[in-house]
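S.K.: Assemble the whole structure, with the sequences as input and the hints as a guide.
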Amino acid sequence: MFCYDKLWKLLVDKHMNKVELRDAARITPATLAKMGKNQNVSMEVIGRICDTLQCNVGDILDYVGRGREE
957 MFCYDKLWKL LVDKHMNKVE LRDAARITPA TLAKMGKNQN VSMEVIGRIC DTLQCNVGDI
1017 LDYVGRGREE
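If you count by the working numbering, then the sequence shown holds residues 957 to 1026, one letter each, in order.
Please note that the accuracy of each hint is not assured.
Restricting the straight-line Cα-Cα distance to at most 20 Å, the calculated cross-link-like pairs of lysine to any residue (SDA-like) are [said to hold, decoys possible]:
#1 Lys974 x Asn1012
#2 Lys970 x Asn1012
#3 Lys962 x Ile983
#4 Lys993 x Cys959
#5 Lys962 x Val997
#6 Lys974 x Cys1006
#7 Lys962 x Leu1009
#8 Lys962 x Asn973
#9 Lys962 x Met999
#10 Lys970 x Val1013
#11 Lys965 x Gly992
#12 Lys990 x Gly1014
#13 Lys965 x Val1001
Simulated restraints on C-beta separations [as the list claims (entries may be wrong)]:
#14 Ser998 x Lys962: 17 to 27 Å
#15 Arg1022 x Met999: 17 to 27 Å
#16 Arg1022 x His971: 29 to 39 Å
#17 Asp979 x Gly1021: 24 to 34 Å
Bear in mind the hints are in silico, worked out from the structure with no lab data behind them.
Glycine is no exception: its CB is placed at the ideal position from the N, C-alpha and C atoms.
M.R.: In structure tokens form, the structure reads like this:
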């Protein structure tokens, strides 16, 4: 399981909200909702977010394993 808490904190640091990220990275509302529930999304989406925020994958998500939630 993946946890996107780092992404939400990074958005706060960059004074950006989820809608602004969605529009800038060309993410669908459904994909953003999946991320809000810590569900899997494609690596293509992760790449677009990294490009948009000028960061690395480890800056926006953690792998916490199956059955373990933070």
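S.K.: Each hint should be assessed against the structure and marked as holding or not.
M.R.: How the hints compare with the structure:
1. Lys974 x Asn1012: holds, 18 Å
2. Lys970 x Asn1012: With Cα atoms ~15 Å apart, lysine 970 and asparagine 1012 stay inside 20 Å; holds.
3. Lys962 x Ile983: Judged against 20 Å, a Cα distance of about 18 Å means the pair holds.
4. Lys993 x Cys959: Judged against 20 Å, a Cα distance of about 9 Å means the pair holds.
5. Lys962 x Val997: Since the Cα atoms of lysine 962 and valine 997 sit roughly 15 Å apart, the hinted pair holds (cutoff 20 Å).
6. Lys974 x Cys1006: The hint holds at about 14 Å.
7. Lys962 x Leu1009: Within the cut-off at roughly 12 Å; holds.
8. Lys962 x Asn973: Given pair lysine 962, asparagine 973 holds - Cα atoms ~14 Å apart, limit 20 Å.
9. Lys962 x Met999: holds, 17 Å
10. Lys970 x Val1013: holds, 16 Å
11. Lys965 x Gly992: holds, 13 Å
12. Lys990 x Gly1014: holds, 18 Å
13. Lys965 x Val1001: holds, 18 Å
14. Ser998 x Lys962: 17 to 27 Å: With a Cβ separation near 18 Å, serine 998 and lysine 962 satisfy 17 to 27 Å, so the hint holds.
15. Arg1022 x Met999: 17 to 27 Å: Distance hint for arginine 1022, methionine 999 holds at roughly 19 Å.
16. Arg1022 x His971: 29 to 39 Å: holds, 34 Å
17. Asp979 x Gly1021: 24 to 34 Å: Between aspartate 979 and glycine 1021, where Cβ atoms are some 32 Å apart, the hint holds.
When the structure is compared with the earlier hints, no violation turns up for any of them.
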